[in-house]
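Protein chains: 4
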Amino acid sequence: MTINVIIAGFKGRMGSTAVEMVKQDQELQVAALLDPFAEEKEADGIPVFTNKESMQGISADVWVDFTTPQVAYENTRFAIENGFAPVVGTTGFTQEQITELSALSAEKNIGGLIAPNFAIGAILLMEFAAKASKYFPDLEIIELHHDKKKDAPSGTAVKTAELINQVRQPKKQGAADESETLAGARGAEFAGFRIHSVRLPGLVAHQEVIFGAAGEGLTLRHDSYDRSSFMSGVNLGIKEVVKRNQLVYGLEHLL
Amino acid sequence: MTINVIIAGFKGRMGSTAVEMVKQDQELQVAALLDPFAEEKEADGIPVFTNKESMQGISADVWVDFTTPQVAYENTRFAIENGFAPVVGTTGFTQEQITELSALSAEKNIGGLIAPNFAIGAILLMEFAAKASKYFPDLEIIELHHDKKKDAPSGTAVKTAELINQVRQPKKQGAADESETLAGARGAEFAGFRIHSVRLPGLVAHQEVIFGAAGEGLTLRHDSYDRSSFMSGVNLGIKEVVKRNQLVYGLEHLL
Amino acid sequence: MTINVIIAGFKGRMGSTAVEMVKQDQELQVAALLDPFAEEKEADGIPVFTNKESMQGISADVWVDFTTPQVAYENTRFAIENGFAPVVGTTGFTQEQITELSALSAEKNIGGLIAPNFAIGAILLMEFAAKASKYFPDLEIIELHHDKKKDAPSGTAVKTAELINQVRQPKKQGAADESETLAGARGAEFAGFRIHSVRLPGLVAHQEVIFGAAGEGLTLRHDSYDRSSFMSGVNLGIKEVVKRNQLVYGLEHLL
Amino acid sequence: MTINVIIAGFKGRMGSTAVEMVKQDQELQVAALLDPFAEEKEADGIPVFTNKESMQGISADVWVDFTTPQVAYENTRFAIENGFAPVVGTTGFTQEQITELSALSAEKNIGGLIAPNFAIGAILLMEFAAKASKYFPDLEIIELHHDKKKDAPSGTAVKTAELINQVRQPKKQGAADESETLAGARGAEFAGFRIHSVRLPGLVAHQEVIFGAAGEGLTLRHDSYDRSSFMSGVNLGIKEVVKRNQLVYGLEHLL
Numbered sequence: 001m002t003i004n005v006i007i008a009g010f011k012g013r014m015g016s017t018a019v020e021m022v023k024q025d026q027e028l029q030v031a032a033l034l035d036p037f038a039e040e041k042e043a044d045g046i047p048v049f050t051n052k053e054s055m056q057g058i059s060a061d062v063w064v065d066f067t068t069p070q071v072a073y074e075n076t077r078f079a080i081e082n083g084f085a086p087v088v089g090t091t092g093f094t095q096e097q098i099t100e101l102s103a104l105s106a107e108k109n110i111g112g113l114i115a116p117n118f119a120i121g122a123i124l125l126m127e128f129a130a131k132a133s134k135y136f137p138d139l140e141i142i143e144l145h146h147d148k149k150k151d152a153p154s155g156t157a158v159k160t161a162e163l164i165n166q167v168r169q170p171k172k173q174g175a176a177d178e179s180e181t182l183a184g185a186r187g188a189e190f191a192g193f194r195i196h197s198v199r200l201p202g203l204v205a206h207q208e209v210i211f212g213a214a215g216e217g218l219t220l221r222h223d224s225y226d227r228s229s230f231m232s233g234v235n236l237g238i239k240e241v242v243k244r245n246q247l248v249y250g251l252e253h254l255l
Numbered sequence: 001m002t003i004n005v006i007i008a009g010f011k012g013r014m015g016s017t018a019v020e021m022v023k024q025d026q027e028l029q030v031a032a033l034l035d036p037f038a039e040e041k042e043a044d045g046i047p048v049f050t051n052k053e054s055m056q057g058i059s060a061d062v063w064v065d066f067t068t069p070q071v072a073y074e075n076t077r078f079a080i081e082n083g084f085a086p087v088v089g090t091t092g093f094t095q096e097q098i099t100e101l102s103a104l105s106a107e108k109n110i111g112g113l114i115a116p117n118f119a120i121g122a123i124l125l126m127e128f129a130a131k132a133s134k135y136f137p138d139l140e141i142i143e144l145h146h147d148k149k150k151d152a153p154s155g156t157a158v159k160t161a162e163l164i165n166q167v168r169q170p171k172k173q174g175a176a177d178e179s180e181t182l183a184g185a186r187g188a189e190f191a192g193f194r195i196h197s198v199r200l201p202g203l204v205a206h207q208e209v210i211f212g213a214a215g216e217g218l219t220l221r222h223d224s225y226d227r228s229s230f231m232s233g234v235n236l237g238i239k240e241v242v243k244r245n246q247l248v249y250g251l252e253h254l255l
Numbered sequence: 001m002t003i004n005v006i007i008a009g010f011k012g013r014m015g016s017t018a019v020e021m022v023k024q025d026q027e028l029q030v031a032a033l034l035d036p037f038a039e040e041k042e043a044d045g046i047p048v049f050t051n052k053e054s055m056q057g058i059s060a061d062v063w064v065d066f067t068t069p070q071v072a073y074e075n076t077r078f079a080i081e082n083g084f085a086p087v088v089g090t091t092g093f094t095q096e097q098i099t100e101l102s103a104l105s106a107e108k109n110i111g112g113l114i115a116p117n118f119a120i121g122a123i124l125l126m127e128f129a130a131k132a133s134k135y136f137p138d139l140e141i142i143e144l145h146h147d148k149k150k151d152a153p154s155g156t157a158v159k160t161a162e163l164i165n166q167v168r169q170p171k172k173q174g175a176a177d178e179s180e181t182l183a184g185a186r187g188a189e190f191a192g193f194r195i196h197s198v199r200l201p202g203l204v205a206h207q208e209v210i211f212g213a214a215g216e217g218l219t220l221r222h223d224s225y226d227r228s229s230f231m232s233g234v235n236l237g238i239k240e241v242v243k244r245n246q247l248v249y250g251l252e253h254l255l
Numbered sequence: 001m002t003i004n005v006i007i008a009g010f011k012g013r014m015g016s017t018a019v020e021m022v023k024q025d026q027e028l029q030v031a032a033l034l035d036p037f038a039e040e041k042e043a044d045g046i047p048v049f050t051n052k053e054s055m056q057g058i059s060a061d062v063w064v065d066f067t068t069p070q071v072a073y074e075n076t077r078f079a080i081e082n083g084f085a086p087v088v089g090t091t092g093f094t095q096e097q098i099t100e101l102s103a104l105s106a107e108k109n110i111g112g113l114i115a116p117n118f119a120i121g122a123i124l125l126m127e128f129a130a131k132a133s134k135y136f137p138d139l140e141i142i143e144l145h146h147d148k149k150k151d152a153p154s155g156t157a158v159k160t161a162e163l164i165n166q167v168r169q170p171k172k173q174g175a176a177d178e179s180e181t182l183a184g185a186r187g188a189e190f191a192g193f194r195i196h197s198v199r200l201p202g203l204v205a206h207q208e209v210i211f212g213a214a215g216e217g218l219t220l221r222h223d224s225y226d227r228s229s230f231m232s233g234v235n236l237g238i239k240e241v242v243k244r245n246q247l248v249y250g251l252e253h254l255l
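Residue numbers (the UniProt record's numbering), protein chains in the order written: chain F, 1 to 255; chain B, 1 to 255; chain S, 1 to 255; chain H, 1 to 255.
Please keep in mind that the hints were generated in silico from the structure rather than gathered at the bench. Among these hints, one or two may not hold up.
Copies of the same chain look alike in the list, so a pair counts if it works inside one copy or between any two.
[Stated by the list, open to error] Dumping the calculated EDC-like pairs for lysine to aspartate or glutamate here, alpha-carbon to alpha-carbon at most 16 angstroms:
no.: 1; residue 1: K131; residue 2: E252
no.: 2; residue 1: K134; residue 2: E39
no.: 3; residue 1: K108; residue 2: E127
no.: 4; residue 1: K150; residue 2: E178
no.: 5; residue 1: K11; residue 2: E53
no.: 6; residue 1: K11; residue 2: E189
no.: 7; residue 1: K171; residue 2: D147
no.: 8; residue 1: K134; residue 2: E252
no.: 9; residue 1: K148; residue 2: D177
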């Protein structure tokens, strides 16, 4: 059974990549396209719209949204009310908006997803790292990025550390009397464990969580090379929301 | 609250390592020791027995068993009947024996564990690999062992592959028209994916599962350096069986 | 002192990348451009030519050549005769042509480079691997590429294996009585050691050489992400040929 | 041709391991043993001595010394004067002593080695890292050790950094305006590059040097698991000193 997909913001970088992804999956079909900047009436036989109101009554299952924070909330609300399960990659939702949209979706018995991160690999890494930290409280995080990155540690490393900290039994690692002969060698401390940030040309975005215990080690690593990595998450989102009956925040709830 | 532990087979290599582990954990205490080859009546103040029948009525919570296939079934049955939750590392149980012991434990409302593998890291790796394969059907396994190992691939690699195969969507990987200019380069095929076995001096027992998708990669690696790695699993087993009310087969059921 | 560079084949993919690289290096300057398909007379103030004969007498130090096998030999000869040290990435030279061009360059007292591979990292990896194999005869090669690659093992892996084989003391690795329960698990055999080829989406071109000895391991890994990696080798070539007085074949001779 | 080896300090941990290593190599033979604590007159048919003076005139080629700083200088001098090429793993030599012993060995036309580190893999890693840093000035060092280690970074990491610094073109890495949101995340700075120290149970002694450049990466890693790793260096030293005619300091001079 084919899933019919509307793509809002199809002129943007993420939106146009999503169009390609949908076209290449035989289980999916593009039903309509929306972008205020579109000048054409149709693209490859697919109807193109410049305002959402004209899209009422279209036969579609899912509303993929890569628009702007200014319109994403209204778009998502519109999608739910018209029976299109939303898959939203646009950022900027408040907690109140998410709660309200989730309630609305439950009332309408329609699934949905708002996701700040569509990289399945990164989300699995965080989930696995948190679970492993229950049994291996000794761990260090090494994140590696290109050398144009300004902040250290990365947001993903901090988020991973927070998730670990929710389940890990508190422990200050390392020798009690350890000392640094060169300041910073032991990295940044976070809740008793350490985070190291490597910055080198050629690298893109990588993260390793290393666990150690008597006689063994467990290492989890995610490598992100380019934007195409997000599309497997969008694809998964489309296929999952049609089976659900309430909007969730975070791709991890669909894994 | 201290957990009192009987250790059966305490003269053996695994049994004696277990005694040390229990002694070093402040939440645990050795209640009694059993080994037909013991000549002493007590060891460090702990009573020593040479046959299990003399141990009825001892005040203990858990029965750790590292004995022999010949006696392990009878020992486990004895433990359950006398209210000691068994944690059994001895191999050789038949499926019928496991089913029967599990039923008996449920009847007696007592927890228990029979585990062919106590390495928590190896078990987590398998669990994570199986879960990741749901989203990343493209994967390869590389296992690395010392160069005295005779069989390839390792039993752990095959077991990992089987667990992956239960959940992974079938797919034959690689280019449709790929060919080997040197036979064996692409490794062993298992259900459409590949397993590679590295053998080198200096290595102990290591396994990597590498997943690839558009623009990203996920790598899971376990390194096992020595026998001490099993003790964290025995420790976990002891602490978990006292909270349960039925015997399970496989440490993964307590994670 | 600025090095003046002619770029032949500047309309092609490699040639145009070379133009950008030269422009971004303050020690280098583009002196002139050559391409039979050029229609402009100049580009950014740099004179553009469509045939090499018109370039005699130009003031330049180095001739970078990313043209075609059909013209590269004549181009290189022309460059040497006109006092431009050639740095040639075009393939298809015969051994006789290389010998002749090298002799001609020596006669003219001019440096030069013809290189089948400009990736410094890949060349260093091969050199290091060969040296390490003198002391660690136990090794395995794992090469990892995208899953569209048709041949296995990769040409780079075979070349690395050949270089190792020239210096490594012959040895058949692994347990004498090892056996495969799944055919191919132990990889391809090459002179007593093994090569494994991994193919996954998301990967580009990667190679690992793992050495093992009693109590230790040494791992060398090269990751190639995109074409830009070749430019550091071209840059190095330009800066080295102006110091030399004979053409060499292979970037390794300038390291 | 068999090389006859005297082992001084054969009752110690390193000395006794050296005896085993020599016995297992068919090209080597134990000629005599020395240790002031020895009570036996011979061991497995090999003559045992408790003072070096009694050993004059013994037929041997090499003097392996794993004794104590108090006697190592006198032992080495004695060895050279009696025609035994010294291979010395004992520490505590002053620069003056080394210079003097080297001069004495040249005078006597005898090879020799005093080595603070016999791990060939660690020495190769340093040599390769220094060479790669000529072409890839962007690099970071990650060293990983067991969590009982008190100092960070490790001595090996600092030595590696110093060797790199002798040949690397000076450069301050990372984004010009990078900042740490958690202090220490970017590691310790050494001459413009960074060193990170990981400490976890289960680890032994490991070091990784990661190089990055446009579109590529090069990673060198050494893993040291146990003391046996030193013996390949001792073995190499024995076989090399007999071909030389002057004592050197540092195993790298024999590679």
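Structure-based check of all given hints:
1. K131 / E252: both (14 angstroms within a copy, 13 angstroms between copies)
2. K134 / E39: neither (54 angstroms within a copy, 41 angstroms between copies)
3. K108 / E127: neither (30 angstroms within a copy, 36 angstroms between copies)
4. K150 / E178: between (29 angstroms within a copy, 4 angstroms between copies)
5. K11 / E53: This pair counts as neither: shortest intra-copy Cα distance 18 angstroms, inter-copy 49 angstroms.
6. K11 / E189: neither (43 angstroms within a copy, 43 angstroms between copies)
7. K171 / D147: between (32 angstroms within a copy, 13 angstroms between copies)
8. K134 / E252: between (19 angstroms within a copy, 14 angstroms between copies)
9. K148 / D177: For K148 and D177, the Cα distance is within 16 angstroms only across copies (9 angstroms; inside one copy 36 angstroms).
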